[in-house]
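Asks: Listed in order, the protein sequences are those of chains A and B. Under UniProt numbering, the first sequence has 468 at position 468, and the numbering climbs by one with no breaks. Under UniProt numbering, the second sequence has 484 at position 484, and the numbering climbs by one with no breaks.
I should point out that these hints are in silico values taken from the structure, not numbers from a laboratory. Since the model is a prediction, treat every value here as computed from it, not as a measurement. Among the clues, some could well be false.
Pairs involving identical chains hold if they fit within one copy or between any two copies, as the list cannot separate such chains.
[Claimed, not checked] Each computed DMTMM-like pair below joins lysine to aspartate or glutamate, with the alpha-carbon atoms no more than 20 Å apart: (1) K480 <-> E8; (2) K120 <-> E92; (3) K238 <-> D72; (4) K114 <-> D294; (5) K273 <-> D97; (6) K377 <-> D389; (7) K273 <-> E156; (8) K19 <-> E45; (9) K114 <-> D136; (10) K19 <-> E286; (11) K273 <-> E173; (12) K533 <-> E45; (13) K377 <-> E18; (14) K238 <-> D374; (15) K114 <-> E255.
There are 2 protein chains.
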Amino acid sequence: MAYNIYSEYPPPLTADQEKYLVQTVKNWSIEHALAVRPSSAIVSEEANPNHVLATNAPVTLFPSPFPKSCFDQARSLQQVYNELYAAVASDEQWLEDVIKELIEVDDFLANLWKIHLSVKEEGYVQDLTLGLFRSDYMLHAPEDDEAAPPSLKQVEFNTISSSFGGLACLVAELHTSLATYPSPANSVAYPPHPLFGNSSSPDQPSAINSVGHPPTNAAVATLTAGLAAGHQAYGPSKSTPPLPTCVIFLVQDGERNVFDQLALSTFLYKEHKIPSFRLPTSQVLELTSIPSPDANPARPLIYTPPSSPSTQYEVTVVYFRAWYAPTEYAASTSWAARHHLERSAAIKCPSVLLQLSGSKKVQQVLTSRPPGPDHLKAFLPDHPTATLDNLRSTFAPQYSLSSPSSTTTSSSTSPEAEPEGIRLALSEALAANHVLKPQREGGGNNIYRTNIPPFLGSIPRSQWKQYILMELIRPPPAAKNTVLRSDGQVVRGNVVSELGIFGTCLWRNPLRSARPQILHNAEGGYLLRTKGKESDEGGVAAGFSSLDSLILYEES
Amino acid sequence: MAYNIYSEYPPPLTADQEKYLVQTVKNWSIEHALAVRPSSAIVSEEANPNHVLATNAPVTLFPSPFPKSCFDQARSLQQVYNELYAAVASDEQWLEDVIKELIEVDDFLANLWKIHLSVKEEGYVQDLTLGLFRSDYMLHAPEDDEAAPPSLKQVEFNTISSSFGGLACLVAELHTSLATYPSPANSVAYPPHPLFGNSSSPDQPSAINSVGHPPTNAAVATLTAGLAAGHQAYGPSKSTPPLPTCVIFLVQDGERNVFDQLALSTFLYKEHKIPSFRLPTSQVLELTSIPSPDANPARPLIYTPPSSPSTQYEVTVVYFRAWYAPTEYAASTSWAARHHLERSAAIKCPSVLLQLSGSKKVQQVLTSRPPGPDHLKAFLPDHPTATLDNLRSTFAPQYSLSSPSSTTTSSSTSPEAEPEGIRLALSEALAANHVLKPQREGGGNNIYRTNIPPFLGSIPRSQWKQYILMELIRPPPAAKNTVLRSDGQVVRGNVVSELGIFGTCLWRNPLRSARPQILHNAEGGYLLRTKGKESDEGGVAAGFSSLDSLILYEES
Chain A
1 MAYNIYSEYP PPLTADQEKY LVQTVKNWSI EHALAVRPSS AIVSEEANPN
51 HVLATNAPVT LFPSPFPKSC FDQARSLQQV YNELYAAVAS DEQWLEDVIK
101 ELIEVDDFLA NLWKIHLSVK EEGYVQDLTL GLFRSDYMLH APEDDEAAPP
151 SLKQVEFNTI SSSFGGLACL VAELHTSLAT YPSPANSVAY PPHPLFGNSS
201 SPDQPSAINS VGHPPTNAAV ATLTAGLAAG HQAYGPSKST PPLPTCVIFL
251 VQDGERNVFD QLALSTFLYK EHKIPSFRLP TSQVLELTSI PSPDANPARP
301 LIYTPPSSPS TQYEVTVVYF RAWYAPTEYA ASTSWAARHH LERSAAIKCP
351 SVLLQLSGSK KVQQVLTSRP PGPDHLKAFL PDHPTATLDN LRSTFAPQYS
401 LSSPSSTTTS SSTSPEAEPE GIRLALSEAL AANHVLKPQR EGGGNNIYRT
451 NIPPFLGSIP RSQWKQYILM ELIRPPPAAK NTVLRSDGQV VRGNVVSELG
501 IFGTCLWRNP LRSARPQILH NAEGGYLLRT KGKESDEGGV AAGFSSLDSL
551 ILYEES
Chain B
1 MAYNIYSEYP PPLTADQEKY LVQTVKNWSI EHALAVRPSS AIVSEEANPN
51 HVLATNAPVT LFPSPFPKSC FDQARSLQQV YNELYAAVAS DEQWLEDVIK
101 ELIEVDDFLA NLWKIHLSVK EEGYVQDLTL GLFRSDYMLH APEDDEAAPP
151 SLKQVEFNTI SSSFGGLACL VAELHTSLAT YPSPANSVAY PPHPLFGNSS
201 SPDQPSAINS VGHPPTNAAV ATLTAGLAAG HQAYGPSKST PPLPTCVIFL
251 VQDGERNVFD QLALSTFLYK EHKIPSFRLP TSQVLELTSI PSPDANPARP
301 LIYTPPSSPS TQYEVTVVYF RAWYAPTEYA ASTSWAARHH LERSAAIKCP
351 SVLLQLSGSK KVQQVLTSRP PGPDHLKAFL PDHPTATLDN LRSTFAPQYS
401 LSSPSSTTTS SSTSPEAEPE GIRLALSEAL AANHVLKPQR EGGGNNIYRT
451 NIPPFLGSIP RSQWKQYILM ELIRPPPAAK NTVLRSDGQV VRGNVVSELG
501 IFGTCLWRNP LRSARPQILH NAEGGYLLRT KGKESDEGGV AAGFSSLDSL
551 ILYEES
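Just chain A, with the same shape it has in the complex (with noise of 0.2 Å):
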């Protein structure tokens, strides 16, 4: 048997090293805003009625181990699948064949659909679309082959309001300084350890290699420079006379994660004197304007600072951080607020089509090979066999539950038959190694294993297509760590991880045209997020989960 790089890890610590390491990651944390919010489950709105607290956000205490070859596929495929969303968002009618029978059954995909076909009709004056996109992967460890090494499964790409960037170089940050201060052979905070490059264990083979601590986390370098360049690609002001520009952060009211989007504007102003600012999606409708057709069919969004409302701005990027959710929708004019920023010649990050291209539906749609449709080859003619081959080993098997009247995109090979989603999903002992997931983003919803058949039997089945199943990933069953949560309890155990590669992508749509011109492409930054395993749900912002680096090592 291999052997296991978590046997030994995290070390275990004494009561004074545990004080020592909780007490100064608790203040490492305030010192350098690796901060939230607290929820109102830690500190009631009673006892913070000005909301002026803050406290560390969930934190592994240790990075955990993570195979360099696996991070180093994640990071080369990045761009690629950059440029793989950019053509899904740019191809109208194959997103519109993928999604249809969903729009039937849920309204959240069905408005923002209506507000494309609405947007396209007026005409749209912005040809422009930028992404900030994670895509998030998790190990997975064959079950019949412990000595064979890890491969790395995407769980989903995210096409909108990809967080935890900013917070995610912090937690880089931290790790790297517990982990060589004062100095790398001598931390004050970890115990040695081969993986932190100061210790050599007799049970480790010395063709293990580690460079001591977590890699530098470019995300906010990375994100920011994609904003930027959608600033720059913006061009000058459309007003006349000319206004000054700014970005566009869109946001949740009361969000209790802003010390994650703070890294990303006061990077935008620092490096590249970018202004923006912040506006809650409550406020779209009475902040921002859009001249009228007669008076400007150039249609910029104009956005007036309530604090300074002399000096009115006009909109460059809207970066969405919010209005991801079917839930964020609340409000009775949450759908005109949309559609409005949809036909302003903002640049949205992301746009509607962009959105609905981050759907579970259009991942399970790109694992179809064949003989069945070879959507990869299609939309990255450019790319050799081997890429892609690369980029679909990185798929999990996934299945639709759509009946046969409505495979026309499903991957499914035997039409006539019962699909093998569907039957999958229904043999309880099938199931078991597998989760169901519906088409909304922001986790939460899905279900796992053997609660799946009867899910299944307690709705319609014609509700049945809005969920994709999905092969259960098999993450490293060893691996264990210890977290500090935001209320300051140390919990400690096993845990799954799951990578996130961020990327941008800023691209034109030519009119007639469903082949996007690409005028910025780019990786940089990760995140790991580590939960305890009993847990097959959580977020981290929700308390369930913890932000963690990577220590990466190499077996030869």
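Chain A is fixed; fit chain B onto it per the hints.
Replies: For chain B alone, coordinates are given in the frame of chain A:
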């Protein structure tokens, strides 16, 4: 009557402007660690059992106007003041003469003095002393001439635990950001105002000039360079075999102002590559040791990190951010621990003698001038009279309350009559213009105005000598500002500001000489503390006053 700089300052805010400004300050503060741990009055221990929460430091929403000439004067005097206090602390005999009468009635000063005598008897092994100073001033506006420009009067000279250098730098950055974002001509946070350089007022003389935002604050760089100078001057390890070296930040248990301190330790490591560790006073005897004279007569101070006991460090500098006030010595071992540090080879910042030099009594005695003793001339023989006069101009009139029999060092010129200080203090009419200050550091114990006569009447006359009487400084009466407290409440009104100038000094006190040999003498960085005018007392950390920065102006 002259134009009053405060007549339209700060500019009034609309509700939208205040909302934006307050929200921006709340977020900016946490994003940049302009933060404190909340007191139990803000968040109960029960609601914050793991001490993870943080909140903004109390800050003014606007920088306070300050005459550039007074700021320049304070800066120009700092290195002279540094040298003066180095000389005082080096002249044991003079110091003993000044404080011997206090020792009889003040246990705290007596205990400090005893430590000095004990170490002197054993023999000092370290002849270097480091001071991280802050000289505090207020503007004094003569009552009888409203058109006269305000002058600078010293409130006190801090020789131990001079705090808020870290947070003060951040306040200057905050106010600069507010005044200049997204551009100096169009701040979105501040309304236009002549002092921001983006508006003129019909009432304003054209001769008032301002750069529109606070000057850069170099406090962190200056204080850290002082610590680095001490660390370098200590030289190589005195242990055999040599140990790695470090600086110790001696701190209070449960310190709430921790981020102010971390700004220094982080910068010390980042810029100077000098590691430091935080040591609570309660753990000094447990975690540090001094070899026996037989083993090592050099008495190096050895620190053992509890989280990593296998690697010991030799302490070059002990930087006191604790043990400045009598209340901090409650533990039975406190004085033994202080003695332990004093006798070690580590450079103390400050030594016991330097701490004693910061007593109010010393400040009062230094104001003596011919025909009394000219201590300034004696301590600073190499400076021209003009410099000494300039320094002396910052002294507020102050008086001893010693009885005639103990006035050897008093500035009283008629030793036979009732000393002038006692005469002023006992008259209700005359006391109304004075403040009575005890020797102890830390504020909060002053007796003001007409409270002085009854207070003196309530204590034995033998105790009076531990107080000095100072003429009240009369700050500009029209000054106003708005404060965001740590609990998120916004309060506005008339304010009083206190300017602190930071300076550092490292000197060698050669055997058999009362004259220090100065190795490092630097000035840089400032603190402005602003409190509501109704409050006579207030430390920023206690929430009664707030951190501020200054916007310099010139009238010509």
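Asks: Each hint: holds or not?
Replies: Verification of the supplied hints:
no. : hint          : verdict
1   : K480 <-> E8   : within (9 Å within a copy, 61 Å between copies)
2   : K120 <-> E92  : within (11 Å within a copy, 87 Å between copies)
3   : K238 <-> D72  : neither (42 Å within a copy, 48 Å between copies)
4   : K114 <-> D294 : neither (25 Å within a copy, 88 Å between copies)
5   : K273 <-> D97  : neither (42 Å within a copy, 61 Å between copies)
6   : K377 <-> D389 : within (10 Å within a copy, 85 Å between copies)
7   : K273 <-> E156 : neither (33 Å within a copy, 42 Å between copies)
8   : K19 <-> E45   : between (30 Å within a copy, 19 Å between copies)
9   : K114 <-> D136 : neither (29 Å within a copy, 66 Å between copies)
10  : K19 <-> E286  : between (50 Å within a copy, 16 Å between copies)
11  : K273 <-> E173 : between (25 Å within a copy, 17 Å between copies)
12  : K533 <-> E45  : neither (31 Å within a copy, 32 Å between copies)
13  : K377 <-> E18  : neither (52 Å within a copy, 56 Å between copies)
14  : K238 <-> D374 : neither (42 Å within a copy, 73 Å between copies)
15  : K114 <-> E255 : neither (28 Å within a copy, 57 Å between copies)
Hints 3, 4, 5, 7, 9, 12, 13, 14 and 15 from the list above are not met by this structure, while the remaining hints are.
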